[in-house]
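Here is what each chain is made of, one letter per residue.
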Amino acid sequence: MSDKKKTKTVDFDTTYAPKKTNPAVKVIITIILIIWTVINLFPIYFMFTFSLKSNKEIFGTNIAGLPQEWLWSNYSRAMGTGNMGLYFLNSIIVTGASIIISLVAAMMATYAITRIKWRGSKLTNAFFMLGLTIPIQASIVPVYVVLSRLHWLNKYSTLIVPYSAFALSMAILICTGFMVEIPFDLDEAARIDGCGLWRTFFEIIIPLMKPAYATIGIYSFLQCWNEFMFANVFISDSAHRTMPVGIQQLSGSYTTDWGPIGAALVIATFPTLLIYVILCRRIQESFIAGAVKG
Amino acid sequence: MAEQVRVKNAPSAIKRKRDLILGINIFLFLLPALFLFISILIAPIIVSVYRSFQDWNGMSEGVFVGLKNYRKLFSNSVTLNFVVALKNSLILAFFSVFVQLPMSLGLALILGRKPKGERFYLTVFFMPVLISTVVIGQLWLKIYNPDYGLLNSFLRMINLETWTHIWVSDPKTALGSIIVPTIWQYVGYHMLLMYAGVKGVSPDLREAAMLDGATPGQVDWYVVIPIIKPIIRVSVIFAVTGSLKAYDLVYILTGGGPQKLTEVPSTLLQEQLFLANKYGMGSAISVMLIVLCFAFSLLITAVFREKDN
Amino acid sequence: MKKRLVSVLLAGVMALSLAACGETAAPAAPAEPAPAAEPAPAAEPAPAETKEEAPAAEETTVDANEEITLNMWCIATESDSNRHSYEAAIADMAANHPEVTLNWEAFENQSYKTKIKAAVAADEMPDIFFTWSCAFLGDFVDAGKVYCLDDAYKNYASELPEVMLGNTTYGGKHYGVPLTMNIVGLFANMELLKEVGYDEVPGTYEDFIKCCDALKAKNIIPFGCAGKETWCVTEYLESVIEKSVGADALNDIFLGRATWNNAEVGAAVDEFQKLVNNGYFDPAGAGLTNDEVKANFMAGKYAFYMNGTWNCADFAANDEFKDKVKVSEFPVINADKAKLGQLIGGPSDTLAVAASSPNAEKAADYTFELGKLICHYGYLDGCGLPAWTPYGDTSNINPLTQAVSEICANADSYVLFGDTAMSAEDATTYLSYVDQVYGCAVDGTQFIEGLASDIR
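Going line by line, the protein sequences match chains A, B and C. Residues in the first sequence are numbered from 961 upward in steps of one, following the numbering used here. Residues in the second sequence are numbered from 1351 upward in steps of one, following the numbering used here. Residues in the third sequence are numbered from 53 upward in steps of one, following the numbering used here.
If you're looking for bench data, these hints aren't it; they were derived computationally from the structure.
Below are the DSSO-like pairs computed for lysine-lysine, each with C-alpha atoms no more than 30 Å apart in a straight line:
id, chain 1, residue 1, chain 2, residue 2
1, C, K268, C, K353
2, A, K1082, B, K1657
3, C, K225, C, K197
4, C, K197, B, K1418
All chains, full assembly: derive it from the sequences and hints.
Take a look at the structure:
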């Protein structure tokens, strides 16, 4: 996140001294925090350990301990027959493209709504905000019928277009929060310099909106990465299957063999978590920025 | 769209021409968003409304049946118990609002006091949000497994054999076994939203309150919470509409069973559409979902406004 | 010996009129003489290749070399016992027909139902698709989405008895290529039965109940049943109903010729619930999938497991388990109405061709050949009994499947699986009621009255 105009976003280092908190309270607070940490981390740890065990170990006594024998072959099964590598890649392509499309569309729309004065801009904004409450399931049948009439199933774009549309409302909401904070004088100055709307948009707004990209990206990511219903119905060939569906499929065929399922879950989860841990400060800041602006 | 675009009326032809150009530009800026939004959200919903008045199997021609689908939704039936589904999602919403959100708020307030390891906790608490719901469902299935699951094994280990359950298919525990992971997954999401608000409270305000002799608890209650109310409102809306839309975890954990006791509107929708070939009925359910989501959003906004006055 | 058995089986099947679900009740009796009489077709050692290229070549001489691509969807996923027969059949087809490129995808059973219906609704079907016979395919046929196979069938009539097409014949026209046929079998773990003093599966219902009680007393769970998949419950329930009210009565109800409101059915449902309430079923089964229950059965957790005979292949392939398991028929409950030889099942697994396929005519021929091979390999693997006339060496077929052949050879009549026999809408209703019965949320009376009012 570029820090040019960070003054108004939340600053982690704001300090205020908590005056003499009661030590007993402090202990209780620490205990609560530790318990919740364990509750958050334990399932992830459990997932990791059973991904490396054989059924014998899991069904025997060693359900939660570290594996006695580290069965990495579970991973090769998940990658091989389970095809998790491909599904992961598909999910990245679909999610990535959806984020970019929704971002571009939202930026343009927000520009028209917030920085050009015209009657109906409020109404248009309200119109887009309808999307925040519309459940994605509601449009599955008509969208399916239309997409299939257009012979538009089983492509990456089959998912990318609906995902972008459903991420749009949130993106516009966040964009608006960021864009109204860019001083209007800048537009004015640009216009005096002879810039048209488009040049102003590309040369002034887009560079100044950089901090918004990460925020919108995160919210869209959360929405698209998890999506299961559309992905399950719209994609029937395994070449374009996304991860949630892939995992469901895999666990259907390995119901009684926990290891490869665990491995698939880990493959689906750990890269994301790893990136998150590395970038956690920026991700959290961006997420928080969204909360404050939205 | 272009008709709506009108900049202050000026009679001169030049001005009118300029307005037209401006209008076209505005339209062009809005075009990508409008295209996506109308083609994927608005138009399908209009079609759904139309179809919801039909008896249609998705293949042959639909037959208009008026309100029959809606009436059937609210009549008790073994095959299609929308009332139970709705009740379940409202129970889920209740737990989200009155258990999950207070937990999120509590954690946000605690972390707002800058305890040691604040950043670590923040990072860990947000982790479940990033895990795909399908993964969470599968993971919890393994935790709940009646024979080898973590939960029952643990209960047996501490000699609480009698407490063991067939969690996901015992009518007494099935709904609970859906609620727990749902709450677990999203506590971090709301926590981070609220944490943002807590951090946004100006330190001066806190200082002032502290100087007046308020305890940290009182500061949180009387100063911080009122300030972050807009964020809480957003969280409540998300939690309630999210519960109404709940699908993935239910589908994976219980599939609506046992005996349809944990069915939610979206699982019914899927069943009617793709198992029973009743597209008209499915459309009626999706229309109900939209209406409910809107109604609750408006209601929550109104409740918060009421409180303000 | 084997040859004779197969002939007997086929004769038996032919003689019966398999319940047909199209508007035309039973197909016209096949013109050919019953094969039991003469060197059964099974005797022909015809190797697959030489035999089937003949008709295909004649048919397509004009543009035999034109390359086409066909798409196929099926449910033979990696874990499916039919997987191998599909793979082997498709490999043979690739060798025999280099001009045809077949792209095939396998989907998990439950999600496949969603997918194929959505695809039919949207006219996005693959050229060839797997389907269940009777009502499942019937819905698609009614909507005009399925290619009629009458012309192509002429070339294969000698190898595929017309009686096997009863479930895929609508308005006198054939729309499906049957693969294997299966019935519901009562699988028993003989090792566990021995522990309570039974060397054979009890032949009478009273004895059967006694056996269950004895098992329970020894802390052995009699039945495993996957409550998460309602069709598994129907495997038990339908057998209980059939053996109480008789095959004809049940068949009439399934096919809509008689009302559900039949007090005897209600009593049979109560009888089934008695089994549930007596604790014969594994309570944990309510939360398990069929694969998990099946694994439990093979691990010796249950004494009995009622399910389709397609399981024979998996049971026989498990070296530890194959010697412990036996298959038999569910005993008769009411001898006045029902008798042994009344079975649940019939040819259901089917391949069909989409009317929208640009190469429908070629796809039809291809499907017949492919279906024949899948049937052949599936039979050899023990995935079920052949709908096609068997050929080649069948002596290595596992003893379980042979036992099933014997049961079928003595069959009196078949009632197709309820959820296959009914239309999608009715089947969903029916399954919800079965689910309620298994959870003891409704009793027999509520079951029959509810179904009578909710189904049409």
